[in-house]
Amino acid sequence: MPQPTAAPTLAGRMCMQSGQVVFAGSGPGDPDLLTLKALAALQQAEVILFDRLVSPEILELAGPQAILENVGKEGFGAQVSQQHICNRLITHAQAGKRVLRLKSGDATLFGRLDEELSACDAAGVRYQIVPGITAASAAVAGIGQSLTQRGRNSSVRYLTGHDTQGFADHDWQALARPGEVAAIYMGKKSARFVQGRLLMHGANPATAVTVVENASRTNQRVLETTLGQLPADLAEARFDGPALTFLGLAPRASLTALPDLPVQTDLKMELA
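Yeah, the sequence shown ends on 272 if you go by full-length UniProt numbering, and it's all consecutive.
It should be emphasised that the hints constitute simulated quantities derived from the structure, not laboratory data.
Glycine included, every Cβ here is placed at the ideal spot set by N, Cα and C.
Just so you know, not all the hints are guaranteed correct.
As the list claims (entries may be wrong) - Simulated restraints on C-beta separations:
(1) Asp240 x Ile67: 28 to 38 Å
(2) Gln173 x Leu61: 10 to 20 Å
(3) Ser18 x Thr148: 37 to 47 Å
(4) Gly196 x Gly124: 45 to 55 Å
Using the sequences and the accompanying hints, generate a full structural model.
Encoded structure:
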């Protein structure tokens with residue numbers, strides 16, 4: 001019968017190996033929301049392939065030995081081909097480098113992770129996945145709300161505003177029901193499309209909608225609106241940063257700004 005083993009120390013939980021790829025989520029942007037495991041990978045990696053939305057403050061935490069490569073994509077904008085990214089991962093790993101593939105938010109959510117994992121599988125490259133805090137979690141905390149609430153919604157949907165075919169289609173009839181809550185990623189350019197589909201399927205124009213730009217960052221902005229006013233208000237707000245759209249949630253009325261807690265700057269990667 002297998003015997004339980006003692007939990008490893010913090011330092012033993014992340015030890016990158018030569019020729020290995022670590023896929024890590026960098027969180028929504030605030031460096032304080034980076035996981036300890038992702039921080040360890042940043043400090044150990046020899047090559048870091050990072051996405052456009054990874055904040056500069058997080059990249060500054062990379063070890064001095066790291067070579068940084070920007071392989072970011074932009075919806076409806078400049079693109080680095082997925083094949084090029086996969087090729088770079090494999091090339092560096094097969095050269096014996098410790099490779100970190102750093103994605104914004106959580107790597108497993110709308111991050112094209114499967115394609116890169118498949119490339120590693122095909123090339124026989126070892127890899128590890130390090131989860132991160134997704135933008136929806138940071139954004140909902142920023143408006144003082146909860147993604148679920150007893151008596152209101154027992155589920156929450158994570159949606160993308162667009163996919164490889166253009167604006168993404170979803171189960172609009174289900175989303176239009178009262179009390180539904182959805183977190184829409186990459187939803188700025190698709191706002192009018194989403195509004196039209198929901199209204200077409202019977203959604204109430206007065207349904208609360210909140211758009212959070214640059215969630216968790218020092219330049220975070222919040223737009224409180226309704227489904228009926230979403231495209232017009234969003235255009236007036238002129239958001240130019242990454243934004244997360246909540247369907248069915250409004251900022252908590254009693255939300256007040258609290259001072260940031262002091263941060264320990266000499267964080268060690270070992271536990272006594």
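To see whether the hints hold, each was checked on the structure:
Distance hint check: the CB atoms of Asp240 and Ile67 are about 29 Å apart, consistent with the given range 28 to 38 Å. The given range of 10 to 20 Å is broken by Gln173 and Leu61, whose C-beta atoms sit roughly 45 Å from each other. At about 43 Å, the beta-carbon gap between Ser18 and Thr148 stays in the expected band of 37 to 47 Å. For the hinted restraint 45 to 55 Å between Gly196 and Gly124, the CB-CB distance of approximately 47 Å keeps it satisfied.
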